[in-house]
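**Student:** Please work from the sequences and hints to get the whole structure.
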Amino acid sequence: MEDFRNTLQECQLHDIGFSGRWFTWERGNLPETNIRERLDRGVANTNWISMFPEAKIRHLVHSTSDHCPLLISTEQEECQKRNEAFRFEAWWILEETFEAETQRNDDNLAEMIDTKVQLNFEIDKDESHWEQRARVNWLKMGDRNTAFFHSMATQRRKKNLILKLQNNEGIEIGDQQEMAETARLYFQDLFKTEGIDDPEHLLNGVEKSISEEDNRFLMRPYTQEELRSALASMGATKAPGEDGFPAIFFQKLWHIVGEEVSTYCLAQLNGGMEVSEINTTHIVLIPKKRNPTNLTHFRPISLCNVIYKMMAKVIADRFKGVLERCIDKAQSAFVPGRLISDNVLVAYKILHTLKRKRWGSKGLMAVKLDMSRAYDRVEWGFLEKMMSKMGFNPNWIHLIMKCISTGLSSLIRVAQQEENLKGVKASRSGPQISHLLFADDCITFGEATERGAGLLKKILQEYRRCSGQIVNFEKSNVFFSSNTGFEKKRMVSQMLGVRSSNDPEGYLGLPNMVGRRKKAAFQILKDRLKKRIDNWSTRHLSQGGKEVFIKSVLQAIPTYSMACFLLPKTLCSDLEKIIAKFWWQKGHGQRGIHWCTWNNLCFSKEHGGMGFRRFDQFNIALLAKQGWRIINYPSSLLSQVFKAKYFPKSDFSKAELGNSPSFTWRSVWAAKGLLENGLCWRVGKGDQISIWEDRWITGGEIINSRNDGENTEIKLVADLIEESTRSWKRDVIENTFPEYIALKIKQIPLAEEAHDDFKVWRGEHTGEFTVRSAYQLLQQTTLNPNELILQAKTKTFYRKLWNLQLPSKLLITIWRISRNFLPNFKNLSMRRVVNDSTCPRCRAAEEDCDHTFRQCPVSIETWRLINLSWVLNPNINDIWDWLTWGALSSKIQNYVAELDRSRERELTDKDNTSLRQQRQGTEATILFDAAFDSKNATSASGLVVKGENNEWLASKSIIHSEITSPFMAEAHAGLQAVKLGISLGFKSITLLGDSKTTINKCNSTNRDKSVLGAVIRDIQNLKKHFRESLFSFINRRHNSEAHTIATETLRTGEEIYLEERSFSTHQRRRRVNGDRNPD
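Residue numbers for the sequence shown follow UniProt numbering, beginning at 1 and rising by one.
Derived from the structure by calculation, the hints contain no laboratory data.
Glycine is no exception: its CB is placed at the ideal position from the N, C-alpha and C atoms.
The reader is advised that the hints may include incorrect statements.
[Unchecked claim] Simulated restraints on C-beta separations: (1) I286 x D189: 17 to 23 Å; (2) E213 x D731: 30 to 36 Å; (3) K208 x S727: 41 to 47 Å; (4) F187 x L804: 50 to 56 Å; (5) H765 x G321: 19 to 25 Å.
[Stated by the list, open to error] Mimicking SDA-like on lysine to any residue, the simulated pairs with C-alpha atoms at most 25 Å apart in a straight line are: (6) K518 x K569; (7) K809 x N735; (8) K551 x G592; (9) K1024 x G592; (10) K362 x M390.
**Tutor:** In structure tokens:
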């Protein structure tokens, strides 16, 4: 059988699939002796499948033989044909006549380049056509993967084609109208309301979580910028709605349709949300399994129009700001700041506790519940009452009816408060956990007693009556602690109506228990990797497509598991070998030459590698994120469980591995070293930071004491800060540290109001942890210094190479030339593939890369025929020097620039937003900008104050010293703008700047962890002086006045303050009347 499989693989034959009953061979008439198998099947190669995309095989009923006859049909039946609705084609965007615009006539563009541009356009149109139908999210058009897109589209079409369905009586039907009627009745029954009981008792466990401030945030007017952001985040060629227009239509033609679409959307969002005209959807059935026959085998999704999705996405994005307050801690996903892996780690820890519990009279249980159609069966009336109980504004409740997973949590919480239901503790001092939630998966924990089971059953029944949601007991199971007796297990299982399990099944796609054979526990990762590679459509990928496939698909397969568990190094090595084999192989099933090791491929692109991941290091980086979350989210359920068990009297940085730790804790603890290496301090009071032992200055280096006996009393950073003025003790610093260290210290900003010191991640400018930066840090610490020096010589070349806007397969070819990874005869001879290394074309010299491209007479003649003889510079003797030759590089860049200019469309946004529109009715507007001098580390802030009618009121400039970056200069300008608004006595104010980074930070209410954090903190504190304040972005050309003031002040070194005469009189009169004094 193995030889037969290998034959199919070598011949590239694939199973076509089937319809009808699942078996083709049957033996035995009695039920106990009956055997059924699918022994007969139809196979075909890729070309045949492309020629007959509608081909299908049907299993007929057998008669005299014990094998079923197979009927193959290559044409689609008439009953399956239907009139296609309008669908916008993505490739229409590439048509020259699609948008009326002035065509560019460039006489300097060579005829050859012009011809190639037109050819590229035609290829792009074909590629875009099939890319839109393939629905492949990880691969984008642009690398000539048309064959791959075509094969994926064909495969997807066959998979989604519904040939047969079973009706309610279990009878198989194939008529189009009958199937449509069956589906209509099924979903009509699924979505209809069944009525709900009074949920008053259930809602007793729900507390008001939304404040008036939250409601003001939710109900503030929507803006055009929010709509643009929502549109930009949509997939360009995702399936369109009823109108047939995908997101790419609006994204590419926003300058034409944007004004009209924005006006309509904002009128709906800010005026009452009457969207019945556009809120029409197509319900599409997505198969859950191969050859589905029943409607339960499909997952229904609704395809909405893009305009409706834009509005819904804007609402959802705003809802994220308060979502954490109204979602129970037991729900670990769909909320900013929470991860699905939190529940996996907590569940694994509790199940580890249950398995080790061998003593005690009372057993414990973990019941895994599956909610049947969790989002389809929820009652809207129940959600409305739930949101009202939480304190949402009635207008917001009217605007959004979104499912919130809190109903079951509130019932369980009420039962706990009444001391009827007891949860499980992972340690004696840890929190009592009664349940963990994730969408339609729920685990409840409690005592394995008749009382505990009865109470849980009662809660589930009441939850069903109030919310409409039903527990699927067939998919649910219960796991007991080791000290639970057999009779109690049987009794609890019967009461709950679920099956008992001796070994807990996987939760959220990961194993709940991992024993000593860890490699076997994660064998599924290797199987999934091989299955994706063996998919016949991947054989059509270009080399550039292979790169994207590896990075976006193959390397993502084990990521979820690696975020929770430390995988064995042998398993990581096996996974890397599978991917390396796929990268180097010339064709499916053909072993290619591995021109370098996997570790060399994992170097970053600018160091000569391909930027692939080393799984063992990436595993550590992912686990370090869990440690970061334990440090920064101490109130999370995961942090509470781990702290109570493993470091109750200290913090994570000082935690020990402990005795008999769970596999999840050992995994997270393994990343503690990386986390400690990447953390540094942000200075507040300075009383927690050691000057000589901690990382706290720019660059993350640790200061070594070189002052023998001098200033020995200085130990903490607080000793360097003047508390009364919140400034650095300059004399102490300059006398204690070297000049470059003293300069770095004085450039650290201090907040005007003292606050506690806190740790940040030094690998990112934002101060927030990212897996990418942790992986890079780990690579730097393990990289061979000699290799780094070697790669540093070519860093500039590779950076320029990968920035070229050329198809990836061309860039990879150049990369292979630079690394001498081409299969020329010299390289093949060195690897003993061939015996003769002579060039087969000229037979005059050895064939290496230099000979192939520059020295061979055939190559020289080829360059001459295509009018590119200039590339053959006789003064260059080496292939590497030829590749890095400046003239060659500039010619390529000029060609790419011409190609880009020929492709691009004029997609400029018409920025007609007036200053009056951005002010949103405040008393005054302050425009601010900054000018920065990096040589002298100084900056100047320019401020312009405008009145209600856009009249000029005042101007001001301030000079700042010891400024480290343009972002710091912009932040100081924003701070000065707020102070000016306070000094002038405004109650409501709009502040406009042209730095989006600064604007976003100033509008945020979260603690900023970047180097700008101290300045942003001051801005956030001072904003409280206003009744209403808003930072808003303005285009630089509309901020010219503030920009001019800042640049002139920096040039002359003189600060200014000017006021309009009538405004000055008004200010004096206000001060006389006892109003607020200016600073």
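**Student:** Does each hint hold? Answer for all of them.
**Tutor:** Here is how each hint holds up against the structure:
1. I286 x D189: 17 to 23 Å: 20 Å, holds
2. E213 x D731: 30 to 36 Å: 45 Å, violated
3. K208 x S727: 41 to 47 Å: 44 Å, holds
4. F187 x L804: 50 to 56 Å: 51 Å, holds
5. H765 x G321: 19 to 25 Å: Holds, since H765 and G321 (Cβ atoms, about 23 Å apart) stay within the stated range.
6. K518 x K569: With Cα atoms ~11 Å apart, K518 and K569 stay inside 25 Å; holds.
7. K809 x N735: Answer violated: K809 to N735 is near 58 Å, above 25 Å.
8. K551 x G592: 20 Å, holds
9. K1024 x G592: Since the Cα atoms of K1024 and G592 sit roughly 66 Å apart, the hinted pair is violated (cutoff 25 Å).
10. K362 x M390: With Cα atoms ~37 Å apart, K362 and M390 exceed 25 Å; violated.
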